[in-house]
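Protein sequences appear in the order of chains V and Y. According to the working numbering, the residues represented by the first sequence are 1 to 291, in order. According to the working numbering, the residues represented by the second sequence are 292 to 1092, in order.
Hints should not be assumed to be uniformly reliable.
Claimed, not checked - DSSO-like cross-link-like pairs, simulated, lysine-lysine; straight-line CA separation at most 30 Å: (1) Y/Lys308 - Y/Lys720; (2) Y/Lys404 - Y/Lys511; (3) V/Lys2 - Y/Lys570; (4) V/Lys2 - V/Lys29; (5) V/Lys2 - Y/Lys511; (6) Y/Lys404 - Y/Lys308; (7) Y/Lys308 - Y/Lys864; (8) V/Lys2 - Y/Lys571; (9) Y/Lys404 - Y/Lys570.
To be verified - DEER-style ranges, computed between Cβ atoms: (10) V/Ala89 - Y/Arg315: 24 to 32 Å; (11) Y/Pro396 - V/Leu45: 34 to 42 Å; (12) Y/Gly538 - V/Arg44: 36 to 44 Å; (13) V/Asp151 - Y/Asp319: 49 to 57 Å; (14) V/His103 - Y/Pro968: 29 to 37 Å.
Claimed, not checked - Some chain Y residues near chain V, calculated using beta-carbon distances under 7 Å: (15) Asp581; (16) Val1011; (17) Thr1013; (18) Glu1072; (19) Phe1075.
Hint data in this document are derived by calculation from the structure and do not stem from the laboratory. Backbone N, C-alpha and C define an ideal beta-carbon position, used for all residues, glycine too.
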Amino acid sequence: MKPARFDYVRAETVAHAGEILAAAGGDGKVLAGGQSLMPMINFRLVKPTVLVDINHIAGLDTIALDGGRLRLGALVRHRMTAEDGLVKAHVPVLHHAMKHVAHLTVRNRGTFCGSVCHADPAAEMPMMTLLLDGLMHTASSRGTRAVAARDFFVGSLVTALEPHEMVTAIEIDALPPGAGWGFEEFARRHGDYALASVAVVLERQGGHARNVRVATMGVGEMPARMDTVEAALEGSAMDDRALDGAVDLLRAAVAPNSDLNASADYRRHLVGALARRALADAWSRATETAQ
Amino acid sequence: MTDAPRTADASVELRPKLVGQRIRRTEDPRLLTGSGRYVDDIALPGMLHVAVRRSDQPHARILSIDVGDAFAIPGVVAIFDARDIAGDIRPAIPTSRMDGYYATPIRPLAQDKVRYTGEPVVAVVAESRYAAEDALDQIAIAYEPLPFAIRQVDAVEPGAPLLHEEAGSNVIIARQFQRGDVDAAIAAAPVTVRRRFRMTRKTPVPMENRSYLADWDKRKRALTLHTSSNIPGIVRDVLADCLDLPGNRLRVVAPDVGGSFGGKGSLNHEEMLVCVLAKKLERPVKFTADRMEDLTAMSQAFDELIDAELAVDAEGRLIGLRADVIGDIGAYSVYPWTGALEPVQVVSFLPGPYRMQHYRGRVRGVLTPKPPTGPYRGVGRPSSTFAMERLIDMAARKLGLDPAEMRRRNLVTAEEFPYRTGSGIIWDKSAFQECLEGACADYPALVKARDAARAEGRWVGIGLASYAELTGIGSRIAVAPGMPINTGTETAAIRIDATGAVTAAFGISSHGQGLETTLAQIVADELGCRFEDVEILHGDSALVPMGTGTYASRSAVLGGGAATKSARVVKTKVLKAAAHLMDVPMEELEAGNGLIRARSSNATMTFKEVARAVYSQMGRIPYDQREDLVAEETYDPYLGTACASTHLAMVEVDRDTFGVTVTHFVVAEDCGRIINPLIVEGQVHGAVAQGIGAALLEEVVHDETGQLLTASLADYLVPVATNMPDIGIVHIEADLPNNLGGFRGMGEGGTIGAPAAIANAISDALSPLGIEIDTLPATPERLFRLVEAAQAGMAQDKPAG
Chain V
1 MKPARFDYVR AETVAHAGEI LAAAGGDGKV LAGGQSLMPM INFRLVKPTV
51 LVDINHIAGL DTIALDGGRL RLGALVRHRM TAEDGLVKAH VPVLHHAMKH
101 VAHLTVRNRG TFCGSVCHAD PAAEMPMMTL LLDGLMHTAS SRGTRAVAAR
151 DFFVGSLVTA LEPHEMVTAI EIDALPPGAG WGFEEFARRH GDYALASVAV
201 VLERQGGHAR NVRVATMGVG EMPARMDTVE AALEGSAMDD RALDGAVDLL
251 RAAVAPNSDL NASADYRRHL VGALARRALA DAWSRATETA Q
Chain Y
292 MTDAPRTADA SVELRPKLVG QRIRRTEDPR LLTGSGRYVD DIALPGMLHV
342 AVRRSDQPHA RILSIDVGDA FAIPGVVAIF DARDIAGDIR PAIPTSRMDG
392 YYATPIRPLA QDKVRYTGEP VVAVVAESRY AAEDALDQIA IAYEPLPFAI
442 RQVDAVEPGA PLLHEEAGSN VIIARQFQRG DVDAAIAAAP VTVRRRFRMT
492 RKTPVPMENR SYLADWDKRK RALTLHTSSN IPGIVRDVLA DCLDLPGNRL
542 RVVAPDVGGS FGGKGSLNHE EMLVCVLAKK LERPVKFTAD RMEDLTAMSQ
592 AFDELIDAEL AVDAEGRLIG LRADVIGDIG AYSVYPWTGA LEPVQVVSFL
642 PGPYRMQHYR GRVRGVLTPK PPTGPYRGVG RPSSTFAMER LIDMAARKLG
692 LDPAEMRRRN LVTAEEFPYR TGSGIIWDKS AFQECLEGAC ADYPALVKAR
742 DAARAEGRWV GIGLASYAEL TGIGSRIAVA PGMPINTGTE TAAIRIDATG
792 AVTAAFGISS HGQGLETTLA QIVADELGCR FEDVEILHGD SALVPMGTGT
842 YASRSAVLGG GAATKSARVV KTKVLKAAAH LMDVPMEELE AGNGLIRARS
892 SNATMTFKEV ARAVYSQMGR IPYDQREDLV AEETYDPYLG TACASTHLAM
942 VEVDRDTFGV TVTHFVVAED CGRIINPLIV EGQVHGAVAQ GIGAALLEEV
992 VHDETGQLLT ASLADYLVPV ATNMPDIGIV HIEADLPNNL GGFRGMGEGG
1042 TIGAPAAIAN AISDALSPLG IEIDTLPATP ERLFRLVEAA QAGMAQDKPA
1092 G
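Just chain Y, with the same shape it has in the complex (with noise of 0.2 Å):
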């Protein structure tokens, strides 16, 4: 038995940072157990209900609104239309820097027209959501219908009837970006590819519907909204204005908010309604949507036309991309992301991973009566990536070149970064060629085993679909163009109070991803606590003088640089404390797991010791150098992340049913330094399976006369668990980025490249028909007629006799 020498194994500095570990989500025993609480679980004296009475019309004129005898029934309080609020709330404007942009203004209630079916027209406020639904039932809308066009075709067009008469045009945006000569280049090259690609309709579908709740403190004249918006900062910016409230008489909270992929993440109607009727009625206000509500009015996403045409040398080299988009931004322009976000969004990230020279991206976001998109995980990358991994293996096909090599040869190397794309976006440090390598590691059986089900005449096939995105993006670069509100930076405000215990407030929330794990492993690592004594607070506007809250995959780089930045100022302040009562120099000391330990003497304290000897037993510390452990810290990573990542997907089409089957799916993903692998994995699950849903089953139809057909979850078609295949998860990490922590945004990817990767997949499976998938979803119905007609194609092609 020999004494080894204590110094080098008793530092606290080697123990296993909690960065990086499996650990278990400390949201969870909360949310499993039916503890969680959300909005609609709080129930405040005297809270009255709202139903609301929404336009079956999809453009007119509200003529005149009759209650009938809606007082008649017991419990029914207040009916207003947009005439009684007027005067209560300014709309919110979204306004954007952009050329030739028309903000549309959001009201709580449809003002003279109505622009899209299941558009808010009546208020019937009641002591029940049953009293005020019966009464929806009595009240009369006379509506003089108006010319609409409700596809984006038709919308663009100079006559189209025009939705918002003050913009002239249902054109509010059109943007391009444009390098190098890309019509030359294209009448030049060997080989092109064109074809028009149409990603439909989604909607977000989060668990929880949406709700809110608005409380008017009389005596103080404050109000409270507790909501489901995993953007409450920005919502108490805007209201402060709508309502003229100062943002310390306005706080909005939001609870524990049960998922949003971005339906939850912009101002909503009823969300200024029920403040507006909470003030004129002094009593709390709540309105929950039902799903019909959710599935007819929420912010709904992509519903892109994309006309692009790729050209390539003889050796699958990308010369040049020219494209034509049309966004159909439904009938409003969204607070604060205008609806430029999603189709602007598109043209930006077409030229994808890949070197190429020539580009031109031109897009028109169009007005139609529909709901308006927003955000939605991925945001036109899942679009962008569609149409240009399309468009990679279409011209592979054309060249008889294996589609991986095809990306091998033109995604960019290590040594070419940084690079700029074709429409000014700067790729750095991300592991594109690694990721098509991870992916593809069984590339050559899963290819042995598709050629030997496709010599048994089954539809088998394989995809890739590769792509980079730019997550935790800081103030130089906007998430929407023009946007007036600033989304680059965060703050965490961190105290050790006077028992000892760590409270990070944060100006981010959470939807259910685990932020309070992460965000807590961070501070723990960087403070030298130990883990369970952090409280993560966040998705309230009280906590930090400005935050917005969660969204473009910004919360583990921004919030987690925050943690780190605020996290190191107060430990710097527990060590100078602990110096003087341990009378050893500050720079012996060191933290972890709730200690503080000189390195020279193994003396040690507590973090709870030396917070009571600063707060508690005055004289320990000399006054003047005595400080309060807490900082508050913002951090702005100025420019952001590129996250990469390929995805491979096998599908077997059924040749009877025209079902398809996913039997393989692997994703490899370069998301930087990973700081929980769990959820990391659960966030590459769920997004895939979000893919799985775009590409195969999720579509929001509207019909020729505006009316919404997918209205219920019997007709709009998630993905359930016997969609879902066994997922593998390649992790790559790469050159780390240059942010504090080294953390890249990874909360959007999975749905980025699972549409793309499936579409390459069945489009490889039918190719000894020769077709090529355009649309998604790719339902068995389509996939029929694209049969049909292939086959019918092939019969013609026959010569006679």
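This is chain V alone, in the form it adopts within the complex (with noise of 0.2 Å):
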């Protein structure tokens, strides 16, 4: 389990990463937490010829508020995001799913933009990116340009990220104040691959769900917006028969796959199970707000 050959490079700024990675003619792989990538290397799954290490350039390790949104830096190890009082006070769905992360090792040096880009479809950085309405701000020696989350994941492990481009940063919504938040995630042990998982966010207005928004990841070949029951749930009283409807909806949505660890059947029941839960946290957790 030895690496084929391969050069390093480590990059002292996003221009100079660029002009590797323009150089390697596709074969350039960028390095940040390399928690997926180095495994991978390892298997000769992957046969980067170059390797460029982009954790030396200043400030990309850093976390901001900035209007509605919160930005997050290709540096941001997991660590930070789980221990971040921004996150936890703004984004308190992110702040939460960050405990089902993997373990301590791979959290102090995997990163958030870093596991996006890896774009596992049982990860939770890509599913909590398309429910936060994320931003994708690349660069690369042609220039920048910012991808949304619903265009950025095209299928499992495969991101409309050219080979030449790096992520610098990842721009995800806060919670509007009053905001309901739920997340439900299964995995065989704590820390594993999730085989499902649910994330909600919605808004309370006179007893009625607005803005509702739900992700699952796991249940397909890509992390997915549940369109279908975030249109059926708007406006809905969040009663039994409304939860129930949408895990039905839900249910109906998904296209899960059948592997070592679960059947397809096994995954729509949980996912369905998982959503109801979470659907019904989100909801005791709203307060009501002004139309």
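Join these two chains into a complex; the hints should help.
Spelled out as structure tokens, the structure:
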């Protein structure tokens, strides 16, 4: 389990990283936390010609609140996200989700942006980015661009990121005051990739749910927003009937795979059960706000 | 103030013994600070590295091997396949006297055919492992795929494709144990329960991967093998034959070994390979498996189908049991244990610690294209206990009898010892009933809590598992049937040197379980020296004439017995010398804590002073009475000791996710005289964790095409801290066994009871649905299916309208 030969470059700036990636002609890989990349290299599942180490680029390791949005730089480690005061105060659903992310040693190194770029269908960061209407800021030798989360995830471990690009930061929504949230995840062991997970954010106005957002992971090739569920719950009283209907819609909307750990049937059952818990939690956490 | 008489108080014999004390492990300062020295830590000048190209086919003929441009890679030294080394080493043959058995030859590299995905085919030797792995990418092997039967139910069929044509059948092991007339007993019984149980395949997952380093000394024409093995003595003896080297020119050393759990307890292909290559290339050669290689090709475990039927009378008393077991032993019979080790023990231990007249256990061991199964902590008993304890609970449920009461009525009582089981095992002096009572101390309260939870609609259950095992067995009983090696004796060589230091050398080895501490406790107690003056040597074939290693819960019993015998002889020599030196009769002397004291005069000498007099101050002892302070004694417990336990588990099954949480766990065990409670409790904790893994998480999966699906620790799930409940341990010390020291072996027990107890607890939790667990691990997926089927059945049973 030794990697194939590769070159290593320590990038000094984002522009420098962009140059190296461009020169690699599509065979370069960005090394941030390396928690997914290094095992894949050791298994020889990926054989980059050059690793571009961005760990020494200044200014990428910050979390900042800007307007109603939170911006997480490319070197924000899971541990920082988990312990950050802004995240806890403004995006409590993400703060809570971090409790399910891997193990201490992985959290110390792994990065928020790196996990999103890896796009594992059962990892928390891609789903949270999707739930919170994230925007990926990318940079390359050809300039910068911003890609919406809904356009970013293309397939299992596949994103809209070009081989010569790197993500420099990701912006996500802070929750509006009074918003309720729910997060449920089930894995065979704590910290493993989820068999299924559901995250919910909603507001409560006049006894009705508003701006309902529901995202799932582990039950398809990519994390997904549950548009039909969100539409059905919009304006609902979140009573048992509404929740039962939402669960049915959600189970119909997902297309889980069968694998070693779980069949599609079980995953479909599981994601519905988790959704019901997450929706109920979100509703109970939401406080009445003016319309 | 009074002058108390000093005679009694001063008696060193009354000082607290070390045996029985919670002494911290003397290994730990080294192992916990990164100062351990494992095989992979050893680097020799000129050392080469091996990488192995493994079969990607389950069963195929090797047509050709093309090394391509492998030699163009800088650092590549040599490339070998089976043809290149055929004349350099003889295959190891795991012989046995069993009728109808076929011993599959074990070779370093696959010859002509491959028989499982992961079998070594080509070895690349290079200056670095990196270069060797680069070269692997260059090698192309052409195979002619051959038909195969990957499941044991298919492989036992008469027309199944043969894995070893020479065997004439895939069934290379068939045994039967019988007593009474079980068919008539079952036919006449008022209550019977029957089930087909499946204990899936496991892999041992020691923290340290396998690692082997062979060093050929051209000058002496001698070979040293450093190996991460727990049977260095057995490896020495077999390699001496395979390589035609006498034992004084073949030394096998197991330095610090980072766990085995059985996986390092058989001869490995790669262990043979490095020896051949080092000798051929006249340079040290190292192979260190990576995790994928260990998960793919290390010896695996269990994999049995147990079709069993139990008959009981109306009061729940056991009448008879019949069972038909098919053990999937994989592609080879392992050396030295043979493929019979695991499946045959299933039928020998199936009757359990219970009184039962009629029994018939049939077993077939069948070859399939998978890695061989070998020893695994608990061997056979985790599977047999799972099946039997499930049947006991199923019968109790049918009778409406409490499972604890059911066991109370059937466990062999102290008055009935010695008791011979239907399979011929003799239970003696073991705390069967006491362990049940010990585990059930809080049982009424737990039942109450369970019933309250159940009333809320929660799936909460309690499960018990009682078992007994034979540990520390002597020369009368073979570990595996008909084996050609002796596992019933162990030797200790103890010497006090000229500085007064004590060195105790053993044929056993330690793979991390604290034997350096426990054996030093015994030696210090028996010899009367100071604990800190004892150095324990082990894991080196050069230490004693014959040794095997550590396995089968034997090391405390056999190693401890040998230590006791040798220490007593040395002590006599010390006292004899001291008697001369102090000019008192030997009977007046006693030794303790490094001092020899005369009871009459309170005169003392230290061990160091005696040693100096014996070795260096000639003339102080008459020359014709001077003896070196050494002894080398061998201990054979002849029969062995029974070790018994009852486990109690309480679980909750989540109604939404089907995840199982173990909320409460108690182990009551009788391991005889406890040498060190800290170490015993550590063994129980670790083994219960392993049992929880077997019950809930761990399963080696090969798909229909013979490929391994669980080739990483992301897919083969071992238990982690968050899976562990607090474990209550109740030590029961019943009538001590007859062996020296009164110790019983206890290294494996936790893995035996935990899977059964958890399976019973889950079945109890799901009893409102009538579900009986028959397959482990009880994964969320399996529980989902069972509940779905049960609910569908209930819906059907409801009257229409």
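- Query: Of the numbered hints stated previously, which ones are contradicted by the structure, given in increasing order?
  - Reply: Of the numbered hints given earlier, those the structure breaks are 2, 5, 6, 10, listed in rising order.
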